[in-house]
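Turn these sequences into a full structure, and let the hints steer you where they fit.
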Amino acid sequence: MKLVMAIIKPFKLEDVREALAAIGVQGLTVSEVKGFGRQKGQTEIYRGAEYQVSFLPKVKIEVAVKSDLADQVVETICTAARTEKIGDGKVFVFDVTKAVRIRTGETDGDAL
Amino acid sequence: MKLVMAIIKPFKLEDVREALAAIGVQGLTVSEVKGFGRQKGQTEIYRGAEYQVSFLPKVKIEVAVKSDLADQVVETICTAARTEKIGDGKVFVFDVTKAVRIRTGETDGDAL
Amino acid sequence: MKLVMAIIKPFKLEDVREALAAIGVQGLTVSEVKGFGRQKGQTEIYRGAEYQVSFLPKVKIEVAVKSDLADQVVETICTAARTEKIGDGKVFVFDVTKAVRIRTGETDGDAL
Amino acid sequence: MMSISKRLMSSLPRLSTVAGGAAAGLLAAVPAFAEDAAAPTLNSGDTAWMIVATAFVLMMTIPGLALFYGGMVRKKNVLAIMAQSFAICCFVSVLWMIVGYSLTFGTGNAFIGDFSKAFLSGIGINALSGTIPEVLFLSFQMTFAVITPALITGAFADRMKFSAMLIFSLVWVLVVYIPVAHWVWGGGFLMNEGVLDFAGGTVVHINAGVAGLVAAIVLGKRKGYGTENMAPHNLTLSVVGAALLWVGWFGFNAGSALTAGGLAAMALLVTHIAASAAAVSWTLVEWIFRGKPSVLGIISGAVGGLVAITPAAGFVTPTGALIIGLLAGVACFWGAVWLKHKLGYDDSLDAFGVHGIGGLVGAVLTGVFAAEAIGGKTGLLEGNAGQVVTQVYGVVATVVWCAVATFIILKVLDMIMGIRVSPEQETEGLDLAEHGETIH
Amino acid sequence: MMSISKRLMSSLPRLSTVAGGAAAGLLAAVPAFAEDAAAPTLNSGDTAWMIVATAFVLMMTIPGLALFYGGMVRKKNVLAIMAQSFAICCFVSVLWMIVGYSLTFGTGNAFIGDFSKAFLSGIGINALSGTIPEVLFLSFQMTFAVITPALITGAFADRMKFSAMLIFSLVWVLVVYIPVAHWVWGGGFLMNEGVLDFAGGTVVHINAGVAGLVAAIVLGKRKGYGTENMAPHNLTLSVVGAALLWVGWFGFNAGSALTAGGLAAMALLVTHIAASAAAVSWTLVEWIFRGKPSVLGIISGAVGGLVAITPAAGFVTPTGALIIGLLAGVACFWGAVWLKHKLGYDDSLDAFGVHGIGGLVGAVLTGVFAAEAIGGKTGLLEGNAGQVVTQVYGVVATVVWCAVATFIILKVLDMIMGIRVSPEQETEGLDLAEHGETIH
Amino acid sequence: MMSISKRLMSSLPRLSTVAGGAAAGLLAAVPAFAEDAAAPTLNSGDTAWMIVATAFVLMMTIPGLALFYGGMVRKKNVLAIMAQSFAICCFVSVLWMIVGYSLTFGTGNAFIGDFSKAFLSGIGINALSGTIPEVLFLSFQMTFAVITPALITGAFADRMKFSAMLIFSLVWVLVVYIPVAHWVWGGGFLMNEGVLDFAGGTVVHINAGVAGLVAAIVLGKRKGYGTENMAPHNLTLSVVGAALLWVGWFGFNAGSALTAGGLAAMALLVTHIAASAAAVSWTLVEWIFRGKPSVLGIISGAVGGLVAITPAAGFVTPTGALIIGLLAGVACFWGAVWLKHKLGYDDSLDAFGVHGIGGLVGAVLTGVFAAEAIGGKTGLLEGNAGQVVTQVYGVVATVVWCAVATFIILKVLDMIMGIRVSPEQETEGLDLAEHGETIH
Ligand SMILES: Nc1ncnc2c1ncn2[C@@H]1O[C@H](COP(=O)(O)OP(=O)(O)O)[C@@H](O)[C@H]1O
Ligand SMILES: Nc1ncnc2c1ncn2[C@@H]1O[C@H](COP(=O)(O)OP(=O)(O)O)[C@@H](O)[C@H]1O
Ligand SMILES: Nc1ncnc2c1ncn2[C@@H]1O[C@H](COP(=O)(O)OP(=O)(O)O)[C@@H](O)[C@H]1O
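Chains as they are written, first to last, in our numbering: chain A, 1 to 112; chain B, 1 to 112; chain C, 1 to 112; chain D, 1 to 440; chain E, 1 to 440; chain F, 1 to 440.
Since the hints were made in silico from the structure, they are not lab data.
Here the structure is a predicted model, which is why all the values come from computation and not from measurement.
Dumping the calculated DSSO-like pairs for lysine-lysine here, alpha-carbon to alpha-carbon at most 30 Å: (1) B:Lys60 - A:Lys60; (2) A:Lys60 - A:Lys85; (3) B:Lys98 - C:Lys85; (4) E:Lys75 - A:Lys34; (5) B:Lys34 - D:Lys75.
Below, the structure is given as structure tokens:
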């Protein structure tokens, strides 16, 4: 099994979720994160004090899938999240050594 | 070493933390996340505009443990977090190649 | 490739980011998390009802780097985040099997 | 409030003494009309003040109380608790217009008014209550009928059905609030006994506090009470709420003079002193016993002081108010922090601990500190020990009626429709379960 | 409002009847001066009330409307929408002082005032409008000129440039608000026709609602409308905002009596009843048709009721207000929930759905329920069917002028400077893009 | 305010001229009593207004200032800063009742009052101050004594101990506020010199601003100042706070007329104009120099304008107010945005930058724009250059006394108990460290 973790632009979340659902992904987990990268943030100024907003709002998606689906999932995410503007984000893939569905105790492939 | 990551229902957090403490886990990290899965969300309606709440509030727990403890930790989490209703969540296990305690620089098993 | 994940004290974030930038890290992702560990939380009291604040605010940093840089990144984070007081946090390292830059489709080392 | 009741109820025997204090204020306020008390004319200054006082008391419920309570619940229940104050305001106002005012202030008998003014019929634009339009007097009174059931919601926060809450509030206003208000202000038997309640310590606060206690017990504890984290989710809201309650309370207490003169001014001053003093004493006691002065503590103290001075506001001196406030802060601290945990009921936001206890302390101390120079009534300290007995009598009558009636209403409603949400809904949070909305 | 206009415009023929209702209130309020209407003197009670009424109407815009709207937008746009109400308050106030008051209430002709009072010149500290200082009358009116453009911002929330919004508001006040206010209150042709608009149902709410509708159409939908989640980010703010609007509306409606007497008191009462009734009816309708009573619903209903009673506040009985409120709640529900989705325009926060529809309902029903006993005017129910026609005439004149002028202003501005932010800025959020700030 | 002082201090020689302006308003307001100035009677309109004005000024501190400041700190300190305003309100009110009023307005000498009215002894319900009850006058004044130390807390936000803050505030009111208020309003030497300060530009704002500056320097910078992100955590709170300050300021300034007549109305108008103008000028300057008009900017400008018009509110024309406002907006922008960073002190929330600078500008410009037609006093523009000198004299006396005394109080307190929290507590946040609570 693999865990695909993607950092994307927040307003792309719904597109990505739909694209993944379309290829049969039945579950995923999302967190609000802040990203630092090539895309530069704005400067906020409050009564003359400048704060460089180095961190931009991003959304992190984590999807566990069977290993053979991983590439398709990565592909799908990339396509759905792409705006071709800087800051579109990254996808990383990890090995998962075990997966369990808490409700039933099913493991691995059955747990997803 | 292993990292056990669990997605659970928010109100089960305290139970899980206590169950883990009872088996000797001394540290863990928690984040608020949103989950999408078989459990369906509510519909919010604001002046006639419907928003399908596809994402439900969940809590993500991450615990790094020595490899031999991983199965017990997974078991403990599952037991404590189970309500047997849909949406109880998942547990995933990853390999950790290195761990360091920042304060002391201790590594791996000693860092946990 | 490796993913370095660090749990640190929130007010150390800026120091860590700058230290990483100084050694050439060009991107990272940050989340607000809550930590439970040896460092004990305060007790909040509201009209006599006591709530043990078992979870303390922490910040999680995730940086994907080429494998040969991982040790230096870990070292840099530890140095920048250290206060030598309990609760400084942990660093964990994982293997990344694949990385993609969404904007361009570049993979692995080029994606970072 | 009393001076008006006098006019409305001029057939009642003991009224001239009961209303003495307020009448003194009235004389000071409108000297030109003093000779001709039988034919009062409209006073634009009094009217100006009472319009604003009405607005201020409305502001106490929405947004004041909505914020005060809203900040104390968990995030998943904040819209629901605010909606309760708002909805009560709307539904009870309509009820008040239809029959509430008539049943409270229509002549009736010693226990209840009548239907002579149902739908406010016959109350023209030129009808007066004292020196203000009667439509203004009834509007001012409407805001009191609104806030009382809204106060109760703090006791059963986070677990009562919205539908049951609405019906409970309407029935409770009819069966408890209106009779008690009639007894004390509308020419009922407590008024005739000489019970002093300047602005509603008994009618509003003891009433709401006791109803809250009964409701907390009947509904049972919140799911997870004592084990789950139920810390207030955002006390900034509560601080703002407490502040708006304080500001609005000037309308509540000084408005109860029904005129813009010395009595209103003195009521404002003693209200402010008592609130300040109670906040000071709660803070100091908490600092000593708990190690830290909490923000929830200082605002709770202030509200406790406001509650306690309410029955006394037209009868005591500033020094009396200082002492009432200091005592009320300690008493409410004890009620909310110790008593509740000792007895084990789950009065979520301390409707009883603050409003019930504060109201009890205030009602009794009014009998102690009443000063002839202020409101024309004497208390224990000026040798009239009987006033304390009279005050206790008023409290007991109210507590008994309120407790019994509230209990029955809730039990009947529970049988008919169920009053508590399901455990799943309680876990999910009332915002989403009951209203389909959340804070994002 | 009318009684003053009468004094200002004493050369106009039909004024004595038009202003009859308000004048009746005035008589009740200041009987001592009644004989000597030619030389009114300052009444301190009336002045006290009108100072407060002015403060209350200011409170409606900031913070009331800012909060009401602020809670309904997405989190990334909350500062921007609040800043719009705040900025409009500041910029329009300056405009009002420079030429606004003069163009509205300076004698002029049937369509517009003149420059005789530009920079408020010649208005001394002792100048009176009726029984209050003229500087107070113009300050009160200033708060009306401020809130009207601020209401419009709800329609184009989340996508209009701050710079364009400012210029639009200033031009719109000059070209639309001021003439219409002159027509209805300043001695213009609608006043002469006998159109009844006690506190601004037409001048303020229909005007703002229609301008909002036009702006929503001209600007186009928000990016992602219909697909992205645009749920209100924090309805606690909106609840507080609605509550402060309600409290402040007492200043708006009861203040429009311009005196502290029976008329003001009755206006307060009917305002409160209509707001409550509309909240009740929206809630019940929504409960039936949507399954849940939403918090946004109950507060929207209340605001809809407040809007609808605005033109009627000095003319109808409490029972009339009850019916107007019940109907307005249903009508605004229909406008915001059904009509908008049916027709497909994106009136983000329902400036038209609530203020436009509520204003239309209120304007017409004023002609139905006007009761001679309250304001000296008769409506359909008292046999004067013509009043409904007159009301419709007033509405049509306003709608046509407002729609055409608003359309032209926006189109011209769009050509000159562009009125909509870029898609990137819209995605990023107006807080950061336009003001360089965010909620952390 | 002055007209009352006159009555209280009738033995003082130059008062009849000093109080001229206010007296003119009084005449306009209550003509019936004009002949008989020796035996004033209670005026219900004046009383109505002053009750509300008192409530409004209370609302400025809680919740107004608490919100304004609360939104600007980091999230971990929001409850703590709000608690400071709330606690100061409570503790200082008690102090005011015990000795504050007496030491300020008791006869005394040119520098301080006396103890003749300690515990408000001898002030009956019928005692008058001008045309209002004396208990009302002292309540109104109490709200001024409350807000002044609360304003200072902005300067040392996020790092002062709650205990030290409380003791500092009480001592500072005794040693700085009370004497200065006596000098200017209570018959002290600045009053005798003819210093004009209608509603507290010097007594309240310069005083608080200078004390804040001294405190910011004595306490030192916040940990991490200049490197860590200290951006305001939630400016929606600050917008609401600024709006409530604005509304409440009508009580502050128009209330200082102490009557409900032309003077109060004019004070209200010029207050509104100056606030609007200053918000406009800050916004435009910031837009030009910083590229974006910030939300914090427009609300800061409005507050700066309110500060600057405070001393002038009863003395200048609307056009004067417009110019004062425009200048104040620019000056406060310079103070908060440039001066602070240039000189390097950490006045966290710009107590000095806005209240100090705005107060200075206003005090001097009062001497420039005072118009005989408004308040009976002439300024530079009407040929009385001496008034500017007198104004500067008043400012210098206040600044010197305030700076020296504040410095000594803080240094002594620091030796006795320490005034700053530990670095760990500062990092953790004052909410948790000092009050044991957090925003969840
Ligand atoms: N090495 C990295 N490790 C973890 N996250 C990263 C890394 N580099 C970038 N990110 C995340 O991806 C986001 C986008 O990266 P950025 O460099 O701005 O643009 P792009 O992906 O288009 O090159 C960042 O905001 C950050 O959250
Ligand atoms: N494939 C997946 N990858 C990551 N997270 C998942 C995945 N499937 C489910 N989840 C997480 O687990 C939660 C519960 O899943 P759900 O399918 O609703 O119920 P159950 O676990 O009982 O089958 C989801 O809300 C989501 O956060
Ligand atoms: N086994 C673990 N797995 C995951 N996170 C951990 C673990 N142990 C500690 N942490 C995280 O590290 C933080 C600091 O740990 P703590 O034990 O308090 O101090 P220290 O790292 O100085 O020993 C915790 O708050 C928690 O977020």
